[in-house]
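A.B. asks: Assemble chain B onto chain A, guided by the hints.
Here's the letter readout for the chains.
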Amino acid sequence: MTLATSPSPLLKTTDLLSRSYAPQRDRFDASWRPSLSTLLGLGRSAGADFIEFFLERSNYLACQAEEDAITSISPRIVTGAGVRVFLGKADCYVSTNDLSFEGLKTALDKALSIMGLALPGPATPIAEINLELLRDYAAARGKDTWLEGCSSMADMGEVLLAANSGLAQRANHVQSRRAVYFRDWQEVLVAASDGTFARDIRLTQSVACNLLCADGEHRASIGERQGDTSNPQFLTTWDYQTTAEAVAESAGKMLYADYVESGSYPVIMANEFGGVIFHEACGHLLETTQIERGTTPFMDKKGEKIAHSSLTAWDEGLSTDAFGTIDMDDEGMPSQRTLLIENGVLRNFLCDRAGSMRTGHPRTGSGRRQGYTYAAASRMRNTYIAPGDYSFDQLLASVDKGIYCKKMGGGSVGPTGQFNFAVDEAYLIENGQVTKPLKGATLIGEATEIMDRISMCSNDLGLAPGFCGSVSGSIYVTVGQPHLKVDGITVGGR
Amino acid sequence: MPTIQEIASYAETGAKKLGIAKYDVYGATVDETSVQVDRGDPKQVKASNRSSVIVRVWNDQGKLGVTSTSDVDPVGMDLAMAMARDASHFGVEDHIPNFSPEAMAPTAQVQAEMLPTAPVGDLIHTLIEVEQQLLQAHPAIASVPYNGLAQRRTDRFYLNSAGALRQEARTYASVYLYSKTEQAGRKPRSAGAMRVHHGLDRLDLQGCVQEAAEKTISHLNYEKVSSGKYRVVFSAEAFLSLLGAFSNLYNAQSILDRRSLSTVEDLGQLVASPLLSVYDDALHADNIGVETFDGEGTPTRRVGLIEQGVLTHFLHSAGTAKRMGASPTGHASIGAKVSVSPSFYHVLPGTERRSDFSLKAADQVVFIDDLQALHAGVNALQGSFSLPFDGWLYHQGERVSIESATVAGDFRELLKGIIYLEPELEFTPAGLCPRVWVEGLSITGEG
Chain A
0 MTLATSPSPL LKTTDLLSRS YAPQRDRFDA SWRPSLSTLL GLGRSAGADF
50 IEFFLERSNY LACQAEEDAI TSISPRIVTG AGVRVFLGKA DCYVSTNDLS
100 FEGLKTALDK ALSIMGLALP GPATPIAEIN LELLRDYAAA RGKDTWLEGC
150 SSMADMGEVL LAANSGLAQR ANHVQSRRAV YFRDWQEVLV AASDGTFARD
200 IRLTQSVACN LLCADGEHRA SIGERQGDTS NPQFLTTWDY QTTAEAVAES
250 AGKMLYADYV ESGSYPVIMA NEFGGVIFHE ACGHLLETTQ IERGTTPFMD
300 KKGEKIAHSS LTAWDEGLST DAFGTIDMDD EGMPSQRTLL IENGVLRNFL
350 CDRAGSMRTG HPRTGSGRRQ GYTYAAASRM RNTYIAPGDY SFDQLLASVD
400 KGIYCKKMGG GSVGPTGQFN FAVDEAYLIE NGQVTKPLKG ATLIGEATEI
450 MDRISMCSND LGLAPGFCGS VSGSIYVTVG QPHLKVDGIT VGGR
Chain B
0 MPTIQEIASY AETGAKKLGI AKYDVYGATV DETSVQVDRG DPKQVKASNR
50 SSVIVRVWND QGKLGVTSTS DVDPVGMDLA MAMARDASHF GVEDHIPNFS
100 PEAMAPTAQV QAEMLPTAPV GDLIHTLIEV EQQLLQAHPA IASVPYNGLA
150 QRRTDRFYLN SAGALRQEAR TYASVYLYSK TEQAGRKPRS AGAMRVHHGL
200 DRLDLQGCVQ EAAEKTISHL NYEKVSSGKY RVVFSAEAFL SLLGAFSNLY
250 NAQSILDRRS LSTVEDLGQL VASPLLSVYD DALHADNIGV ETFDGEGTPT
300 RRVGLIEQGV LTHFLHSAGT AKRMGASPTG HASIGAKVSV SPSFYHVLPG
350 TERRSDFSLK AADQVVFIDD LQALHAGVNA LQGSFSLPFD GWLYHQGERV
400 SIESATVAGD FRELLKGIIY LEPELEFTPA GLCPRVWVEG LSITGEG
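Line order of the protein sequences matches chains A and B. Each residue of the first sequence is one higher than the last, beginning at 0 in numbering that gives the first Met the number 0. Each residue of the second sequence is one higher than the last, beginning at 0 in numbering that gives the first Met the number 0.
The following block holds chain A by itself, in its conformation from the complex:
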C-alpha cells in the first residue's frame, strides 16, 4: 500500500488578499492563531531572526472617596499590540492600537523597515509559524469570570466611604481624608516565532487610605496600601477598620514628631514595606537590563559573596495573591521562583529574552512590562529577604542609639549604585528601646557597601504591595523582608 501525500502549497503574499482573518474582537483565544502565525511567518520570511507579538486588552476602574463623598470614578479601556523584531542582538519595538490584521501587518512592516528589512514580495513563499497549542493560563485557572466577579461601582463607593468614616472617627486634627481603590483587569496574548502562543488574565486590585493631619505648623501625612492579584471580591474582604486604626495612630504620633538629626546610625528596618531597601539597593542591580548597560556593580559577581552571610533573598512570581504574582511573564514564559542570594552569595540574575540573548544568563520568567506600548524587560516580581533566626526584640536590644524605620516611603537607585529612601515614620532607639517619633529622614548609601552591613534578620517575614517604575513602565511588585538590622547607614535630615 502506498500513501498518497499532497503537501499543502506554501502560502504566498499574494494569497493574503483572498484570506479572511477574523479573530475574536472581545477575547484572545485560539482564533488568533491563523493571523498571528501568518504575520510571524511574514516577519521570518523578511529575514528577521525573531519576532514576537504582544496583544493586550485592559479594563481599569478606579474609585476615590474624599471626606464623605465619592469624588471620582474613572474607567479606562485599553486595546493595543506591540511587535518586537530582533536582528542579531539588536531589536526594535513598534506599538499600535489597531488590532486588525492590516493594523498588525502595518506595525510589523514598520518594525521590519526600521531594522532594514522589508516584507516579502508577492510570489515569495511564507513559512507560517507553527505555534504551540494555546497555553491558556486564564482558562486553566478559571480567570475568565474574574472581571464579572469584581465589586460593583456601588459596592466600591460604600466600602470607601466607610473606610473614610473610620479615619474620621479615629484621628485627631484631620485636615483631609482619602480612600482609593482600583482594579486593573488585563488580558494578554503572546505569540512568537519560536512557537510561543500563550494567554493569561491578570486582575490586580488595591486599596489605600491617606490621612493628612494638621495642627498649626505641625503636619503629618500617612498612607497605607494593600493589594491582591487573585480574588475578585478582594474589596469586600478588606478590613478597613484595622487599616484606619493603624493610619490614624501613625499620623497621631508623627504630627508632633521632631525632625531627625542627620548622621550615621545603626538602623532597624521594619518588615513588609521595609523591603523596598532591598528592592532598590540590590534587586534592580540584579536585572540583566543593568548588566546590558554596565550599570550594576554585581555584573561579574555570580557565585561570589556580595552580601552579609546572614542574607538570603528570593524573587518569584508564584506566591498566592501577592502583588507581583504572575502565571506567565509578558514574553509567555511560565513564572518561577528564583534564588537571588544565598547566605550572601550571588546565585542568579533576573533575566528576560533580550537579556538572555545579550548577557548569556538563563531566562527566569521575569520579562515584564506595563502594557503594549513597552517592550518587555527584566523586572522584579515578589522580591524579599528570607527570614532569619532572631526576634524583633533581639534586634532592638542590639542597638544603643539608632533609628527604627517603621514605615518606608519610596526610593530609587542611581546608575552608579547609589540609593536613597524616604522614611515616612521613624523612631529613635535608645538603649534597646523605641522612644520618640522622628520625621524627615532619608537613608542614603552605596548598594555594594550596605549589603554587607545587614547583620541580623528576624523571623517575621512580611510582604507588601508596591509599584515599580523602570524601563518597561510601571508594574505591580511585592517587596518584603523580616525586620532587619543595618549596622550603619547615613541618615539625611536637618
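Since the hints were made in silico from the structure, they are not lab data. Treat each hint with caution, since some may be false.
Said to hold, decoys possible - Lysine-lysine pairs mimicking DSS-like chemistry, simulated, CA-CA at most 25 Å apart: (1) Lys186(B) <-> Lys223(B); (2) Lys301(A) <-> Lys359(B); (3) Lys228(B) <-> Lys400(A); (4) Lys21(B) <-> Lys228(B); (5) Lys252(A) <-> Lys406(A); (6) Lys406(A) <-> Lys435(A); (7) Lys321(B) <-> Lys21(B); (8) Lys223(B) <-> Lys400(A); (9) Lys62(B) <-> Lys15(B); (10) Lys186(B) <-> Lys304(A); (11) Lys88(A) <-> Lys300(A); (12) Lys109(A) <-> Lys11(A); (13) Lys186(B) <-> Lys300(A).
C.D. replies: Okay, now just chain B, sitting in the frame of chain A:
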C-alpha cells in the same frame, strides 16, 4: 487611525444612539519614534502610533461620568460612551464640572514650528555619532549607559456637544546623554544633559555632548562633604523641579481639597522672599511644547503666581475658578475629577549682578545641579524635602564634586530664605529660571 473629524463623528453618533445630550471629548494621537544605542550599535528602536480619548457624559440628572479609551473606532467609542453614562450614576452631586465658559473663546495665535520627522536611520546614525563624541571626550568616560534620541508628532483636540472644536499639532524632539566613568580605585561617577526642540535638525546636539562631558569630568575628583548648614545655589533645573514638586502651593484644586500648603486666605500674602517672581506661561516663545488650550478647551495664558514674594494667583480649571470667583487659567486636565497642573514656568531673573554672590569667589557654598528621587524625598503635603543631589562644594572659588549627599528643608522656609537670583535665565524643558541662592539649608554627607 481615525482622524479627529471621524472621532467627533463617532462621538456624535454614539451619543445619539445612547440618548446622551451633553458630552465632551479630549484626545490625542501620538506618532513617536525613539532610539537608544550601545557602544556604536543600535540597541533598541521604538515606534508607536496610538490614540487615546477621554469622554465625559452628563446624564439626565446632570451628573457626570467619565471613561477613557484607546479604542477609538465606532465600536470602541460607543462602549466608552456607555461606560461613562453608567459611571455618571455615581458622579459627584456637589460642584459638578461643566463645560468651560471659555471653551469657544479665541485661543492665542502661536506660530509653533512644525518640523518633518527624520528617518529612523538618521536618528540611529546621529545618536551613535554623539555617543562616540562623548566617549572620546575623556579617557575616564567608559560608557553612556543612558541615552536616547526621540521625535514625536502630537495631534490633540477638544470638542463638546455645544459645538466647541479645537485642535492643534506639534512636533517635538529630544536627546539625552548620561555618561559614566570608570577609574581604577575610584568610584564610578556619572552625569548627563538633555536638549529639546521642535525637530531633530534643530536639536543642540553639540551643546548636549559638551554639557554631559563637562559635568561628568567635573565629578571625577570628588570628596565627602561635612554635614551642616550651607549657603546653597540651585541650578535652574534643580529649582524648577522643587517648585514643581510643591506646586500644590498655588494649585486651586489642591487648595479646595485641603491638600495644599496654602489656603484661600494666603492669596495676597508674602510667601517668599520679595526677590522671587514666578509665572506660569504655556504660551512662552521658548516653550517647545506650547499648547494654546487645556483639557477643557480653555485658552492658555500667562499667569503670575508669585510676584515679588506675594502669592498673587492660583492655577485654575473651569470648576475651581467658578468656586473661587475667578477665571479659568487654562491648566485643567479632564477626568472624573478635573485636575490642575502647571505648564511652563518663568522665574524672573535678578535685576543686578552682585560680586558678593559669585560662584567664582564663593566659599563653603554648595551648588546643586540636579535633584534626584523627588518622588520619594518630597512630602508635598508636609512641605518637607530630603533629597540626594549632584553638585559641587565651592571653596574659595574652586569647586570639588560632592561624593554623595542629601539636602533637606521646608519648602516654605526655602522660599523665604532666597537671598539672590542671578541675572541670567537658563532654559530647561520645565521653564526658564535663573540660578537661585538660598541661605542655610541642611546638607548631609555620606559616611
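A.B. asks: Does each hint fit the structure? Answer for all of them.
C.D. replies: Tested hints:
1. Lys186(B) <-> Lys223(B): 12 Å, holds
2. Lys301(A) <-> Lys359(B): 47 Å, violated
3. Lys228(B) <-> Lys400(A): 23 Å, holds
4. Lys21(B) <-> Lys228(B): Distance ~58 Å between lysine 21(B) and lysine 228(B) Cα, so the pair is violated.
5. Lys252(A) <-> Lys406(A): Roughly 12 Å between the alpha carbons, so the hint for lysine 252(A) and lysine 406(A) holds.
6. Lys406(A) <-> Lys435(A): Judged against 25 Å, a Cα distance of about 15 Å means the pair holds.
7. Lys321(B) <-> Lys21(B): Roughly 20 Å separates the two Cα atoms, so the pair holds.
8. Lys223(B) <-> Lys400(A): Holds, because 24 Å separates the two Cα atoms, which is no more than 25 Å.
9. Lys62(B) <-> Lys15(B): This hinted pair holds, its Cα atoms lying about 18 Å apart.
10. Lys186(B) <-> Lys304(A): It holds: about 20 Å lies between the C-alpha atoms, which stays within 25 Å.
11. Lys88(A) <-> Lys300(A): 23 Å, holds
12. Lys109(A) <-> Lys11(A): Between lysine 109(A) and lysine 11(A) the Cα gap is close to 20 Å, so the pair holds against 25 Å.
13. Lys186(B) <-> Lys300(A): 17 Å, holds
Consistency note: the structure conflicts with the earlier hints numbered 2, 4.
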